[in-house]
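In order, the protein sequences belong to chains A and B.
Using this note's numbering, the letters of the first sequence map in sequence onto residues 1 to 244.
Using this note's numbering, the letters of the second sequence map in sequence onto residues 245 to 568.
Because the hints were derived from the structure by calculation, they are not lab data.
Derived pair list, reagent style DSBU-like, types lysine-lysine, alpha-carbon separation capped at 35 Å:
1. Lys119/A / Lys428/B
2. Lys237/A / Lys428/B
3. Lys237/A / Lys101/A
4. Lys145/A / Lys119/A
Footprint (simulated), chain A over chain B, 3 or more residues, beta carbon under 8 Å:
5. 332-343
6. 474-481
To spell it out: a stretch of chain B is covered by chain A in this simulated footprint if at least three of its residues, at any positions, have a beta carbon under 8 Å from a beta carbon of chain A; those stretches are:
7. 347-355
8. 427-433
9. 531-540
C-beta: ideal position from N, C-alpha, C; glycine also.
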Amino acid sequence: MSHNLPTGSEPTAADLDRPLYTPIKRRSFFMYAGATAGATALVLAGCSKDDNNSPGMVNVGTGDVGVLNYAYALEQLEADFYTQVRSGSYYMGLGAGSAEKQIFDDLYYHEVIHRDFFKAAITAANATPIKALTTVYPTGTFNSKATVLATAKAFEDLGVAAYNGAAQYITTAQYLFIAGKIVSVEARHAALIRDLVTEGSFVGSDIVDIAGNSLEMSKLPSVVVATANTFLADGSKLDVSGLG
Amino acid sequence: MNFLQILSEIEKVDPEVYERLDSRRSVFKNMSGVGQKLTAAALPLFVGAIFNKAYAQTPGSLAVADVLTFALKLEYLEMYFYQQRTALVGLSAVNTAALSLIATDEANHVKFLRATLTSLGGTVLADPTASAFDFTGGKGSNAGPFADYRTNPATYLALAQSFEDTGVRAYKGAAPIASVMANKTVLTAALNIHSVEARHASHIRAMRRGGAASTNPSQAVAVSPYSAAPKSWVSGTDGGGAVPGTTNAIYGAGVSTGAGTAANVTYLAEDNTLQGGLTLSTTTSASFTGFPTTAFSEAFDEGLDVTTVSTIARLFTVTGNTLF
Numbered sequence: 001m002s003h004n005l006p007t008g009s010e011p012t013a014a015d016l017d018r019p020l021y022t023p024i025k026r027r028s029f030f031m032y033a034g035a036t037a038g039a040t041a042l043v044l045a046g047c048s049k050d051d052n053n054s055p056g057m058v059n060v061g062t063g064d065v066g067v068l069n070y071a072y073a074l075e076q077l078e079a080d081f082y083t084q085v086r087s088g089s090y091y092m093g094l095g096a097g098s099a100e101k102q103i104f105d106d107l108y109y110h111e112v113i114h115r116d117f118f119k120a121a122i123t124a125a126n127a128t129p130i131k132a133l134t135t136v137y138p139t140g141t142f143n144s145k146a147t148v149l150a151t152a153k154a155f156e157d158l159g160v161a162a163y164n165g166a167a168q169y170i171t172t173a174q175y176l177f178i179a180g181k182i183v184s185v186e187a188r189h190a191a192l193i194r195d196l197v198t199e200g201s202f203v204g205s206d207i208v209d210i211a212g213n214s215l216e217m218s219k220l221p222s223v224v225v226a227t228a229n230t231f232l233a234d235g236s237k238l239d240v241s242g243l244g
Numbered sequence: 245m246n247f248l249q250i251l252s253e254i255e256k257v258d259p260e261v262y263e264r265l266d267s268r269r270s271v272f273k274n275m276s277g278v279g280q281k282l283t284a285a286a287l288p289l290f291v292g293a294i295f296n297k298a299y300a301q302t303p304g305s306l307a308v309a310d311v312l313t314f315a316l317k318l319e320y321l322e323m324y325f326y327q328q329r330t331a332l333v334g335l336s337a338v339n340t341a342a343l344s345l346i347a348t349d350e351a352n353h354v355k356f357l358r359a360t361l362t363s364l365g366g367t368v369l370a371d372p373t374a375s376a377f378d379f380t381g382g383k384g385s386n387a388g389p390f391a392d393y394r395t396n397p398a399t400y401l402a403l404a405q406s407f408e409d410t411g412v413r414a415y416k417g418a419a420p421i422a423s424v425m426a427n428k429t430v431l432t433a434a435l436n437i438h439s440v441e442a443r444h445a446s447h448i449r450a451m452r453r454g455g456a457a458s459t460n461p462s463q464a465v466a467v468s469p470y471s472a473a474p475k476s477w478v479s480g481t482d483g484g485g486a487v488p489g490t491t492n493a494i495y496g497a498g499v500s501t502g503a504g505t506a507a508n509v510t511y512l513a514e515d516n517t518l519q520g521g522l523t524l525s526t527t528t529s530a531s532f533t534g535f536p537t538t539a540f541s542e543a544f545d546e547g548l549d550v551t552t553v554s555t556i557a558r559l560f561t562v563t564g565n566t567l568f
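Input sequences plus hints: build the corresponding full structure.
Dropping the structure here:
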């Protein structure tokens, strides 16, 4: 249904760097008008979501809210991962003042903050966040340094590639700015985790085109979820067909 | 939904509404073309689209070539800076290799931006050459506050962190500029440079924690207030940065109006915890209980506007040079 609507009809969020509820003033009525139209658009997006859903998959939706839900899904994955890291035997064995403990604590804080921020931001945009996703990991993932670091590396690199690849679908400047604020933190994480695996691998040739232009190799949502879905249980796997 | 009644209501708070819509008459042509296909449910949505166009902020900011040219200037600064690494004393092999990797990346970024600007047409910025810069911060005297940067790794890495963090903030600040957002190819490429600069910044910070001779910088422990031994991410304002008193602006607030800014975006200092209208703290979500307060600013980097970045960059150009 929504894909038949004219372009430019995506919900325009209230200014993200300002309070969400402000008195309607002369000359700022457009904020109110935009919010009303946005709410309507989301109802319509909801219709199309049900129509197009793959059975048992979580459809992130379309437009800016679709991208926000896509980011919310990936942040759920990361936040859940670091939550479990902190109760696994590898982390429990780390020294109180060790660099690795400090790093995994920070990564846990950051990703949980990202996750709950997106849930709140989607709700504030009068949209519905996707459900809490159920994750799956290979047995023993959290018990060895090697598997924790390898999985962290996969998630952080994937997160960077995902934000870079999905930014082009964002139509609201404030949302793009927020995505930029998060992706560079993810890139800082990714570089450090890679260095923990192999010192000096922070811009490895598997993720940065150093033989060419030295650009990060961003990934489209369909490519990202092919990997992300291997860590998500049936019923929590992502459908990103509405993006792009 | 009565469209004319809506306009009448808007006129009460904005007498210029008809004028706004009239100057954008083309939206009505569009409307008549699709009007028959619009259902009653979709009408408010379409009306919203019209108002968004009528009230959109006038794009008074930079054209995409201007933004890319500005990025090219910053990449030249970085490229010429990393070319100066060869006389450093006391670096471990892994640290020497890392600086070499970063130098390659920055040279590649210069080449890429030049090629992109060429493909867009118009004149491409002339190579400013190494003579445009004085990385000692001496404006051409070669005797500024960073006078020993060519040989002393501590000074060199302090500058490297400053340039990388500035670069990250600059690309982030420019991404939401309307002309960049409108060109998806340029936007994606700029972000693909942005994250590489963030990786560099992360690694340089680890090198500063570990020291020049370290063979495993990632294992070094960060120490508050994170000026001398920073985390790999920015925590608050990092105690003023690598050289407090000189580098504070790199972590400070920008200006949010004028050319070189994106509409509806606010360029705040790195210790900002207000994101999307939400003030993030230990009480924002039940999950945040017990989190250190520093985590809320660390989780988000902040962007900077072109004017503020230029002011920072001018600390490292020679007197009389007008690159920035």
